[in-house]
Structures are given as structure tokens and as C-alpha cells.
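**Q** Protein chains in written order, with the working numbering: chain F, 1 to 572; chain G, 1 to 473.
Take these hints with a grain of salt, some might be off.
Stated by the list, open to error - Capping the alpha-carbon separation at 16 Å, the derived lysine to aspartate or glutamate pairs in EDC-like fashion look like this:
# : chain 1 : residue 1 : chain 2 : residue 2
1 : F       : LYS350    : F       : GLU523
2 : G       : LYS131    : G       : GLU173
3 : F       : LYS25     : F       : GLU59
4 : G       : LYS441    : F       : GLU59
5 : G       : LYS198    : F       : GLU523
6 : G       : LYS112    : G       : GLU173
7 : G       : LYS198    : F       : ASP194
Claimed, not checked - Quick look at which bits of chain F chain G covers, simulated, 3 or more residues with Cβ under 8 Å:
#  : region
8  : 144–155
9  : 231–239
10 : 503–513
As the list claims (entries may be wrong) - In silico contact screen, one side only, chain F against chain G (beta carbon under 8 Å); selected entries:
#  : residue
11 : ASN74
12 : ARG76
13 : ALA122
14 : THR123
15 : MET141
16 : GLU184
17 : LEU208
18 : MET270
19 : TRP273
20 : PHE274
Hints listed in this document are in silico derivations from the structure and should not be mistaken for laboratory results.
Think of the CB as a built atom: it goes at the ideal place given N, C-alpha and C, for glycine as much as any other residue.
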Amino acid sequence: MSNAATTEAKPAAPAPPPVEKIKIKVDGREVEVPKMLPNWQGKLEATTMLQAVQIAGGEVPHYCYHPKLPVAGNCRMCLVEFGTPMMGPDRKPVFNEDGSPKIAKSVLPYEPSTPRGAIACATPISPGMEIYPNSSATKQMREAVLESLLINHPLDCPICDQAGECKLQEYSVQHGQAGSNFVEAKVHKPKAVDLGPRIVLDDERCVLCTRCIRFTKDIAGDDALGIVNRGSYNTIAAFPGAKFDNNYTLNTVDLCPVGALTSKDFRFQMRVWFLKETKSLCTSCGTGCNTVIGSREGKVYRYEPRQNDAVNSTWMCDSGRLNYKWIGREDRLQDVLVRGQKSTWASALKEISEKLSKAASGSVAVIASARQTTEELYLLKKLATKLGALTDSVARMGEADKLLVAADKNPNSNGARLTGIAGAELGSAISKIADGIHSGAIKTLVVFGDDVTKAGISADLLAKLETLIVSDILPNATTKAAHYVLPGCAHAEKRGTFVNVKGRLQKFTKAVEPKGDARPEWEFLHELVHNVTGQNGFISIEGLFNQMAKEVPGFAGIEWAQVDDQGVNTIS
Amino acid sequence: MPQEFRLILKNADLPGYAPDMECYLRHGGYEALKKAVATAPRELPDGKKQTSQEVIRDEVLKSGLRGRGGAGFSAGLKWSFVDRRSGKPIYLICNADESEPGTFKDRQILHKDPHQLIEGMVISCWANDCKLAYIYIRGEMPKAAKLLNVALKEARDKGFLGKNILGSGFDCEIHVHRGAGAYICGEETGLIESLEGKRAYPRIKPPYFPAVLGLYMCPTIVNNVETLCHVKHIVTMGSAEYAKLGTPNNTGTRIVSLSGDVKRPGYYEIEVGKVTLGELINHENFGQGLKDGRSLKAIIPGGSSSKVLKAGEVFKLNRKGADGQMTKVDVPLLDLPYDFDSLQQAGTMSGSSAIIVMDDSRSMVEALANLSEFYAHESCGQCTPCREGALWMAKGLHRLTHGEGRKQDADYLQHIAQNIQGRTICAFGEAAAWPVLSFVKKFREEFEARGAADEAKHASGGAPMKMAASPKH
Ligand SMILES: Cc1cc2nc3c(=O)[nH]c(=O)nc-3n(C[C@H](O)[C@H](O)[C@H](O)COP(=O)(O)O)c2cc1C
Ligand code: SF4
Ligand code: SF4
Ligand code: SF4
Ligand code: FES
Numbered sequence: 001m002s003n004a005a006t007t008e009a010k011p012a013a014p015a016p017p018p019v020e021k022i023k024i025k026v027d028g029r030e031v032e033v034p035k036m037l038p039n040w041q042g043k044l045e046a047t048t049m050l051q052a053v054q055i056a057g058g059e060v061p062h063y064c065y066h067p068k069l070p071v072a073g074n075c076r077m078c079l080v081e082f083g084t085p086m087m088g089p090d091r092k093p094v095f096n097e098d099g100s101p102k103i104a105k106s107v108l109p110y111e112p113s114t115p116r117g118a119i120a121c122a123t124p125i126s127p128g129m130e131i132y133p134n135s136s137a138t139k140q141m142r143e144a145v146l147e148s149l150l151i152n153h154p155l156d157c158p159i160c161d162q163a164g165e166c167k168l169q170e171y172s173v174q175h176g177q178a179g180s181n182f183v184e185a186k187v188h189k190p191k192a193v194d195l196g197p198r199i200v201l202d203d204e205r206c207v208l209c210t211r212c213i214r215f216t217k218d219i220a221g222d223d224a225l226g227i228v229n230r231g232s233y234n235t236i237a238a239f240p241g242a243k244f245d246n247n248y249t250l251n252t253v254d255l256c257p258v259g260a261l262t263s264k265d266f267r268f269q270m271r272v273w274f275l276k277e278t279k280s281l282c283t284s285c286g287t288g289c290n291t292v293i294g295s296r297e298g299k300v301y302r303y304e305p306r307q308n309d310a311v312n313s314t315w316m317c318d319s320g321r322l323n324y325k326w327i328g329r330e331d332r333l334q335d336v337l338v339r340g341q342k343s344t345w346a347s348a349l350k351e352i353s354e355k356l357s358k359a360a361s362g363s364v365a366v367i368a369s370a371r372q373t374t375e376e377l378y379l380l381k382k383l384a385t386k387l388g389a390l391t392d393s394v395a396r397m398g399e400a401d402k403l404l405v406a407a408d409k410n411p412n413s414n415g416a417r418l419t420g421i422a423g424a425e426l427g428s429a430i431s432k433i434a435d436g437i438h439s440g441a442i443k444t445l446v447v448f449g450d451d452v453t454k455a456g457i458s459a460d461l462l463a464k465l466e467t468l469i470v471s472d473i474l475p476n477a478t479t480k481a482a483h484y485v486l487p488g489c490a491h492a493e494k495r496g497t498f499v500n501v502k503g504r505l506q507k508f509t510k511a512v513e514p515k516g517d518a519r520p521e522w523e524f525l526h527e528l529v530h531n532v533t534g535q536n537g538f539i540s541i542e543g544l545f546n547q548m549a550k551e552v553p554g555f556a557g558i559e560w561a562q563v564d565d566q567g568v569n570t571i572s
Numbered sequence: 001m002p003q004e005f006r007l008i009l010k011n012a013d014l015p016g017y018a019p020d021m022e023c024y025l026r027h028g029g030y031e032a033l034k035k036a037v038a039t040a041p042r043e044l045p046d047g048k049k050q051t052s053q054e055v056i057r058d059e060v061l062k063s064g065l066r067g068r069g070g071a072g073f074s075a076g077l078k079w080s081f082v083d084r085r086s087g088k089p090i091y092l093i094c095n096a097d098e099s100e101p102g103t104f105k106d107r108q109i110l111h112k113d114p115h116q117l118i119e120g121m122v123i124s125c126w127a128n129d130c131k132l133a134y135i136y137i138r139g140e141m142p143k144a145a146k147l148l149n150v151a152l153k154e155a156r157d158k159g160f161l162g163k164n165i166l167g168s169g170f171d172c173e174i175h176v177h178r179g180a181g182a183y184i185c186g187e188e189t190g191l192i193e194s195l196e197g198k199r200a201y202p203r204i205k206p207p208y209f210p211a212v213l214g215l216y217m218c219p220t221i222v223n224n225v226e227t228l229c230h231v232k233h234i235v236t237m238g239s240a241e242y243a244k245l246g247t248p249n250n251t252g253t254r255i256v257s258l259s260g261d262v263k264r265p266g267y268y269e270i271e272v273g274k275v276t277l278g279e280l281i282n283h284e285n286f287g288q289g290l291k292d293g294r295s296l297k298a299i300i301p302g303g304s305s306s307k308v309l310k311a312g313e314v315f316k317l318n319r320k321g322a323d324g325q326m327t328k329v330d331v332p333l334l335d336l337p338y339d340f341d342s343l344q345q346a347g348t349m350s351g352s353s354a355i356i357v358m359d360d361s362r363s364m365v366e367a368l369a370n371l372s373e374f375y376a377h378e379s380c381g382q383c384t385p386c387r388e389g390a391l392w393m394a395k396g397l398h399r400l401t402h403g404e405g406r407k408q409d410a411d412y413l414q415h416i417a418q419n420i421q422g423r424t425i426c427a428f429g430e431a432a433a434w435p436v437l438s439f440v441k442k443f444r445e446e447f448e449a450r451g452a453a454d455e456a457k458h459a460s461g462g463a464p465m466k467m468a469a470s471p472k473h
């Protein structure tokens with residue numbers, strides 16, 4: 001299964017004890033399940049049959065149900081046969097001869113020979129209930145729903161972008177019947193509807209589960225989508241003349257269980273089964289939404305949100321999601337440059353090490369970037385301490401929204417604070433550094449990942465420096481002025497951690513190889529620190545992290561191995 | 001002699017009777033409301049104390065009044081389910097959407113005697129602590145909506161509505177809300193959604209039982225027009241007297257809409273269960289028989305959604321003998337007492353009490369095609385089985401009635417309908433499936449013959465079968 005929070009999401013973790021439990025049976029097996037579980041908003045509510053079956057290790061197929069959305073109960077795919085303890089006329093339970101409670105299977109009141117299913121997604125369990133998610137009656141109901149969903153479906157899987165991630169395809173194979181009885185003309189609906197700047201809708205593929213409507217209204221807070229027409233002609237649409245355009249529209253593509261909603265950015269780019277999936281983080285703001293990077297042969301094709309209830313639930317914003325193209329840009333820095341000439345890592349690092357080793361204390365300043373990893377910032381801080389250097393990093397502020405987006409546009413401002421490379425207020429020491437350069441006290445400047453000409457150090461000031469050492473990913477005015485250019489890596493090309501705006505430490509892993517001579521910054525920083533300080537560090541990210549966590553109070557000795565996919569809170 | 005018993009329609013058709021306040025007052029109007037608000041609290045023999053409101057609610061329960069909208073559910077029980085501890089307001093909604101094909105009874109009240117409904121509603125509001133009530137009226141009844149608004153103003157002016165009603169300290173407002181022409185707005189939770197300004201998508205139950213999570217997620221009572229009118233008479237007569245009308249468990253009177261192939265179609269108010277289906281169709285006080293030279297073929301007994309009954313059918317009904325013992329008795333179709341329980345035991349329902357009579361000139365295939373097209377058009381489309389199944393059945397029937405039928409279409413239709421009933425969000429699923437299931441079951445030969453004829457025609461060199469026929473909506 002995919003790591004991305006696409007069509008599926010895990011239910012939120014159960015609330016802490018004491019948990020009242022009730023006993024039920026699932027396919028004849030007794031299980032104890034909590035009486036209450038968190039609903040889509042995390043509030044405790046009566047446990048549903050669907051949740052109970054999941055706890056029992058089973059699965060109830062479903063389309064409209066999603067643990068993070070209000071329950072709609074419209075697809076009827078989750079219908080299951082069930083029974084409850086039989087009550088006598090005296091309202092007391094009735095028992096079988098062996099002493100077990102007699103179970104009254106639910107039947108149609110007007111046709112008692114026919115089982116009546118209940119929708120597992122919305123029906124609460126009760127003590128002694130028996131659920132039959134695999135009985136022949138349940139299977140028949142499921143088959144019938146699938147048959148109904150398919151009668152008007154175009155079945156154009158070969159040209160559908162959802163193929164491979166499609167719940168209709170998947171369930172048809174698992175739960176469908178061989179042939180359909182349908183011999184009528186299909187209903188035709190609009191194809192390739194331009195819903196908004198990022199979304200295309202194929203109404204014929206839509207199963208009308210309303211996930212997209214509910215997400216947009218109840219999560220994104222934008223009452224933009226609805227249904228027009230009636231019955232079989234029902235059609236998802238935006239309001240006439242209005243565009244489906246908020247910063248969360250692409251989540252509906254993830255939520256759509258079929259190929260009805262597609263991303264203009266991704267559609268027809270790549271068959272999903274060719275994509276390699278890598279757990280990562282979004283770097284476009286300090287929220288640090290958990291992501292899955294879809295890549296193939298060194299190229300990033302898409303970001304998708306990955307579930308982390310402590311951070312982003314199962315969502316991410318459109319602007320963060322689409323901010324990946326720079327990774328593959330043609331003008332990425334790929335060469336080590338020494339005074340404008342292509343050089344090698346060995347000779348550039350040797351020269352730099354010698355220069356820094358000789359530098360008088362206080363004559364060097366370091367401007368790091370809060371887009372760097374915590375480990376890199378730690379190494380830079382080590383270097384700066386040895387050199388008696390002033391340090392800071394560049395603040396990048398913008399607007400926040402109510403759902404996910406943070407005002408802090410750096411992914412690791414808290415990492416910069418915790419490692420001590422920056423103070424509480426990022427950028428507050430930059431004017432001091434500028435003064436130092438101006439006065440001639442600062443002769444060497446080390447810049448990582450930011451164009452300082454836009455952050456208070458003008459190109460004229462840079463020109464006064466004896467040595468300007470710059471590491472970056474893309475060319476800018478600062479790299480242009482540099483004596484040494486050290487090509488670095490996008491987060492997708494390396495491993496490391498960020499600390500988000502709420503102080504949560506999160507890992508990301510490598511999806512693609514860097515281009516040309518570019519190297520992960522922590523690798524060459526490790527060499528520099530060794531050369532300049534004489535200290536031997538760790539050459540693995542795990543060792544480096546553990547060393548940092550021991551030395552830096554904010555990390556309180558967290559071990560790399562303790563930081564799982566969901567991250568941990570730092571003490572800050 | 002079987003005859004009408006006019007309680008609700010006692011005045012409506014009197015010569016010169018007008019829907020205005022003066023006329024209503026001249027005929028004893030609003031006396032029941034006065035009696036209701038003057039009701040004294042009482043102590044029951046077991047020592048339990050009842051407030052004045054509880055007394056009225058208890059009266060409605062004891063009267064045995066069953067809902068006249070379709071399901072025939074006890075009104076008193078429904079009221080007893082209302083969550084009175086939530087701290088939220090309790091709403092009353094009058095369902096005046098009357099859209100079930102064949103039904104034309106509520107509109108008699110709405111057009112001719114609106115004050116009777118208002119009086120019934122204010123009493124019901126008083127008894128249930130509702131300060132706000134709505135009349136959700138079918139969009140196609142603009143005149144009734146206008147009349148209701150005039151009547152509401154008159155009631156306000158007279159102090160029967162608004163602040164401090166009749167000096168009782170009770171405040172109550174009623175608003176009229178017009179629907180926009182969809183059958184599904186008559187389903188109570190679809191109605192509530194529509195009233196909230198949304199698409200009339202019926203709600204799932206659980207959790208959205210109106211008595212707990214109804215209008216604006218507050219406790220809500222939804223009752224039919226006729227049901228609410230009965231409340232007035234229960235207060236006037238007292239529950240014991242009222243319960244003498246009709247038959248046990250099927251008390252009071254009911255307005256029957258009689259249509260189809262009878263000489264005198266119309267609406268007839270009867271004591272529930274005191275008149276048989278046969279009398280309603282044939283007696284000179286009612287339908288006055290089939291058209292000359294015609295014989296009975298089928299009866300749709302409770303609105304278009306109810307299962308059809310076939311001429312000549314005999315049913316096994318539970319009857320209490322003189323010794324008090326229950327026995328099964330054979331009851332022929334035309335001897336079925338027209339009430340809730342007998343029709344249910346006959347495998348159908350009295351529904352909205354609309355009887356549609358079909359004589360031997362009628363094609364069951366054509367009739368069903370017509371009905372199915374209605375349901376395909378009116379399915380709200382929210383849930384899969386009904387959304388897809390309703391149109392699927394209509395398309396199949398369209399084919400069968402347009403020369404493209406197959407012998408297997410009887411099974412085909414039954415397969416579709418079977419997969420709808422009991423699997424949907426609202427009872428519309430049954431409403432759409434039951435006509436198909438019952439027509440095909442009881443008149444299978446007719447469906448098969450029609451399909452076989454088409455197949456034979458095609459086999460003998462007619463145009464090739466094309467399965468593209470579909471109804472236009
Ligand atoms: C599809 C559908 C349509 C309905 N239409 C009406 C209607 O037009 N009028 C009505 O009173 N009840 C209608 N009902 C029944 C209502 O849901 C509800 O049961 C009724 O208004 C309750 O009132 P009562 O208990 O007084 O009968 C309909 C039900 C369904 C499933
Ligand atoms: S577009 Fe997709 S998510 Fe929206 S209702 Fe249709 S199938 Fe569901
Ligand atoms: S909210 Fe921030 S971290 Fe999340 S996706 Fe958007 S830009 Fe990225
Ligand atoms: S049963 Fe039909 S009318 Fe009722 S909710 Fe489902 S689709 Fe709508
Ligand atoms: S998952 Fe759709 S009805 Fe339960």
C-alpha cells in the first residue's frame with residue numbers, strides 16, 4: 001500500500017485510558033473494543049461497526065467514509081449483516097440451550113426472510129452485537145452496490161490517472177461479480193471539467209461519495225463544491241461562474257476514491273505504479289507537513305501529504321505541495337567553484353579549511369539558513385564557536401491561515417534557535433554582521449542557503465570581504481559574489497531533521513540523487529569542522545544526530561532511533 | 001351502511017364555509033386551544049404528577065393517533081422520544097409537502113380550513129414546548145401558502161399565535177416555507193435539510209433522528225397536516241371518546257383519496273377500519289363501482305409507493321375471536337378493512353391512504369413504467385442503490401414498453417429492485433422498489449408476455465435489438 005495519505009487514512013489514535021470496553025463478535029470471533037473512539041474531529045463518540053471490525057483485524061470496504069471527514073453514509077459500500085442479542089417480551093435476554101445468548105439477526109421488517117444490513121461507518125456497536133463482514137448476505141450487498149456504481153461508469157481505466165490507486169478498480173476485483181446485467185444506455189456527464197486552476201473533474205468517473213464536498217466545506221472552510229441535478233444525473237460542480245480555488249484544493253484529489261478529480265499538475269505525467277515513494281517533509285513553511293515524495297529515475301513528480309495527526313492530519317496546502325519543481329531546475333548549482341573556476345571538493349575544502357584555521361577570532365561571521373537541517377546547523381554552530389564568529393540566519397515571514405499554513409516560511413527556524421545559530425528572533429544579528437563587515441572587523445563571511453543581499457548585506461558590503469564562502473542550491477546575487485561556491489542539496493536529496501513551529505522534531509529521508517558535484521551539506525560541513533576544530537565527528541547522520549542531541553540541551557538526548565515517522569516533541 | 005364520518009372535513013365543504021377566521025370562529029374554532037392552555041396539571045392514580053403539557057401529550061398517546069403521513073407511527077410515542085433535556089429549542093414541523101402520487105387529502109384542509117391546522121399546531125407546540133414551528137408546504141400549492149399566511153396573521157391578531165397566547169404566557173410563532181418541487185422534500189429529514197436551506201438530502205439515522213438531532217441539530221417533531229389536525233379533536237373530545245372512533249389500534253378517522261378507474265373518484269373521510277376496500281370502491285357512498293363493463297384488475301392501496309394488490313387475492317389476517325383468541329382468517333381483497341394493520345398484514349400498507357384503482361383495460365407494464373419514471377426522476381441521488389437503481393429500472397421499463405423488451409426483463413427488474421429495498425438512506429428506496437417488486441411478482445405473465453412478444457418480433461426479422469432506449473427527464 002502507498003504511504004501517502006491518498007484515499008485512505010488511519011483513524012486517529014485512541015484516547016488514553018481508562019477506556020470502557022464492550023464485547024462483540026466479528027465473524028464469530030469475540031473481541032473487546034473501546035465503547036468510544038475519536039470521531040473525525042477527535043471527539044469521543046460511540047464506536048462504529050467499521051471501527052470495531054478494524055480493531056478485530058478486518059476491513060470493511062468503503063467509499064464515502066473517511067476517518068477525518070464527517071460521516072456521510074451515502075455510498076452504502078460498507079453495508080454489513082449483523083445481529084443483536086434477542087430480547088424476550090420481558091425485555092430480558094433470551095438464551096440458547098448451551099447458555100449462549102440468542103442472537104436476532106437484523107432482517108427487513110416487511111420481509112423477515114431477508115437480511116437487513118447496516119452501514120458500518122455510521123452504526124454504533126452495542127454489547128453482544130455480532131457483525132458479519134464476510135457473510136454471504138454481506139457479500140451480496142457489496143456486490144450489488146458495486147454493480148450499481150459501475151453501470152454508469154465509463155470504465156476507461158487504461159487512460160485514467162487513478163488507475164493503480166483506484167478504489168473502484170480495487171474493490172471490483174476483490175468484491176465484484178463477474179458480469180453486469182446492465183443492458184441500458186449509460187448516463188453521460190461532463191468530462192474534463194475545469195473546476196479551478198489546479199483541478200480537473202471527470203463527472204462520469206465520480207461515484208458521488210461527497211468526500212471532496214465535505215473536505216472543502218468542513219475542513220478547508222470553503223463552501224465551494226456541491227451537487228447539481230437529481231438522481232442518476234447528479235453531478236459534482238462548483239457554483240456557476242465560481243472557481244474551485246482555495247489553498248487546499250489538491251487534497252480533494254487525494255481523497256477522491258476514483259479518478260474523477262485529478263491534479264492538473266500531475267495528470268498524465270506518470271503512471272503511479274512507476275513512482276518510488278519516499279517519506280519526507282514539506283519545506284515551504286514552518287508547519288512541516290509530512291509528505292511522500294513520488295519520484296522516478298532521479299526526478300520528483302509529486303508531493304502528497306502523509307498522515308501525522310500531531311502536525312497536518314492527512315492534509316497539506318496546494319502551495320507547499322506544488323513547490324517541488326525547483327529541485328529539478330536546469331540552473332541548479334552543480335559545480336564546486338573557486339573564484340569562479342570549476343574546482344574539486346578536495347581542493348576547495350582544503351583551501352577553506354586553511355583560511356578558516358588561520359582566521360583571527362571574531363574575524364569570521366556565519367549566516368546560516370533556517371532551511372538547513374538541524375544537523376547542518378549544529379555543525380555550523382560548532383565551527384562558529386571555534387572561530388568566535390557572530391552567527392545568525394535569515395527570517396522569512398508571510399501570512400498564516402486557519403488550517404495549516406504558518407507565518408514562518410522557514411521549515412527549521414526552531415532548529416536554528418535550538419542549535420544556537422540564531423537567537424529567538426531570526427535575523428536580529430544581521431545588522432551587527434553588516435556593521436562588522438563595514439568596519440573591516442569581519443573579513444570572512446560564510447553564507448548557507450540564502451541570498452543575503454536581500455537580507456541586509458548589500459552586494460557592496462559583500463565586495464569588501466576578503467573571503468566569501470557560500471553554499472547554496474540555486475544561483476543568486478550572493479553566490480555570484482562568492483569566492484567559494486559549494487553546491488548543496490535539496491532536502492529531497494539528503495537525510496536530516498527539522499524542528500517545526502510547534503517544536504516537533506521530524507525526520508526526512510532521501511528520495512533522489514543530487515546532480516553533478518552537489519553534496520549534502522552535513523557531509524562536507526563534517527569535514528570542515530574536523531579540519532578546523534580537530535574534533536572527530538560522526539560520518540553517519542545517525543551518529544551525528546545522537547552527538548548533537550547529547551550536546552544541545554533542547555534535544556535532551558533524544559536518540560535518532562526514537563524519532564519515528566511521526567516525529568517527537570523537543571523541549572523548547 | 002358504510003358511510004363517511006367527517007371529523008377533520010366536518011366543515012370544509014359546507015356551503016359558504018370560508019378559510020377565514022370569522023367563519024372558523026363561528027364553527028367553534030380555537031375552543032380546543034382555549035381548553036388546552038387551561039388544562040390543569042393532574043395527579044395519576046399511582047401518585048405521579050403530570051404538568052398541563054404532559055396531560056395533553058398523554059391524551060394524544062392514549063388516543064391511539066397514528067401518523068397520517070405514511071408510516072402510521074404513533075404520534076404520542078413520537079412526541080415521547082423528543083429530547084427534552086438538551087437545553088436546545090424544540091421545533092415542530094408540519095409536513096404539508098403532500099406529493100405521493102394519488103394523494104390529495106392534505107390540500108383539502110390547507111385550502112379550505114387552514115385555521116384547523118393552525119389550531120392543531122399551536123396546541124401541539126404548547127404541549128411540546130415548541131416556540132417555533134414551520135409549515136413546509138409543497139411548492140405547487142401557492143394558493144394554500146397564501147391562505148395559510150393570511151390565516152396566520154389573523155391568528156396573531158386574535159392572540160392565538162405570537163406572544164403570550166391567550167394570556168397563558170406561552171409564546172409561539174409559525175412560519176410557512178414553500179418547497180421547490182421535489183418529492184423527496186416530503187421525507188422528514190430531507191425536509192429538514194431543505195428547510196435549513198440545503199439540498200434535500202435525507203439524513204442517516206443513526207445518528208440524525210429528528211427527535212434528537214433535527215432542525216438545526218435540535219430536537220424536532222415532524223407531523224403530517226392531517227395528524228396535527230387530529231390533535232385538536234383529541235383535545236376537544238378527550239382521548240377516550242376519540243379512541244371510540246375507528247377500530248382498536250386504528251383509531252380516529254382518515255381521509256382517503258380515491259382515484260383511478262372508479263365512477264366517483266374523490267376524497268372520503270372514514271372511521272379507520274370501519275369501511276372495507278371493496279366498499280370504498282363500490283359503495284354508492286364512495287367510489288360507486290368501476291366504469292361500466294369493466295372488471296377490477298389491481299388496487300394500489302396506499303399511495304404509489306405501496307405494494308399493489310391483485311383482484312381476487314385472499315389474505316390471511318389475524319383476528320380476535322369472541323373468546324379473545326387470535327386466529328388466522330381468510331379475507332378476500334375487497335373485504336379488507338381499510339386501516340393500518342389489515343393492509344400491513346396483507347403485505348402492503350395504507351401509506352398516505354390514497355387508493356388507485358385499475359380495471360382490466362390497464363396494462364400493468366405501462367403503469368409500472370409510468371410509476372418508475374416518477375421515482376427515477378425524484379430520487380435525490382444521494383445513496384448508490386437508489387440513485388443508480390431507480391433510473392436503471394425506469395430504463396428497463398422504458399425499453400419494455402417501447403418494443404425492445406426481453407422475456408428475462410421480469411427477473412431483471414426484480415434483481416434491481418431487490419438490491420434497493422432495505423439498503424438505502426431513506427424509505428424512498430422502498431418506495432421505488434416496492435411497486436416494481438409487487439407488480440412483477442403479481443403480474444409476472446404480463447411482463448414476460450410483453451418481453452417475449454418483442455423477442456419474437458425481432459427474431460422474425462424485425463429490426464435488431466438496440467438497448468439504447470431511455471426515458472427523457
Ligand atoms: C419519499 C418520502 C416522501 C414522503 N412524503 C411525505 C409527504 O409528502 N407528506 C407527509 O406528510 N409525509 C411524507 N413522508 C413521510 C414523512 O417522512 C414523515 O414520516 C411524516 O411526515 C411524519 O408525519 P406523521 O407521523 O404525522 O405521519 C414521506 C416519506 C418518504 C420516505
Ligand atoms: S469527485 Fe471524487 S471525491 Fe468528489 S464526490 Fe466524486 S468520487 Fe467523491
Ligand atoms: S502548510 Fe506549510 S508545511 Fe504544510 S504543505 Fe503548506 S507550506 Fe508545506
Ligand atoms: S433512498 Fe433515494 S431518495 Fe433516499 S437518500 Fe437514497 S438516493 Fe436519496
Ligand atoms: S462507507 Fe459509504 S456508507 Fe459507509
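**Q** Enumerate the violated hints, using their earlier numbering and listing them in ascending order.
**A** Hint check: 4, 5, 6, 7, 10, 18, 19, 20 fail, others pass.
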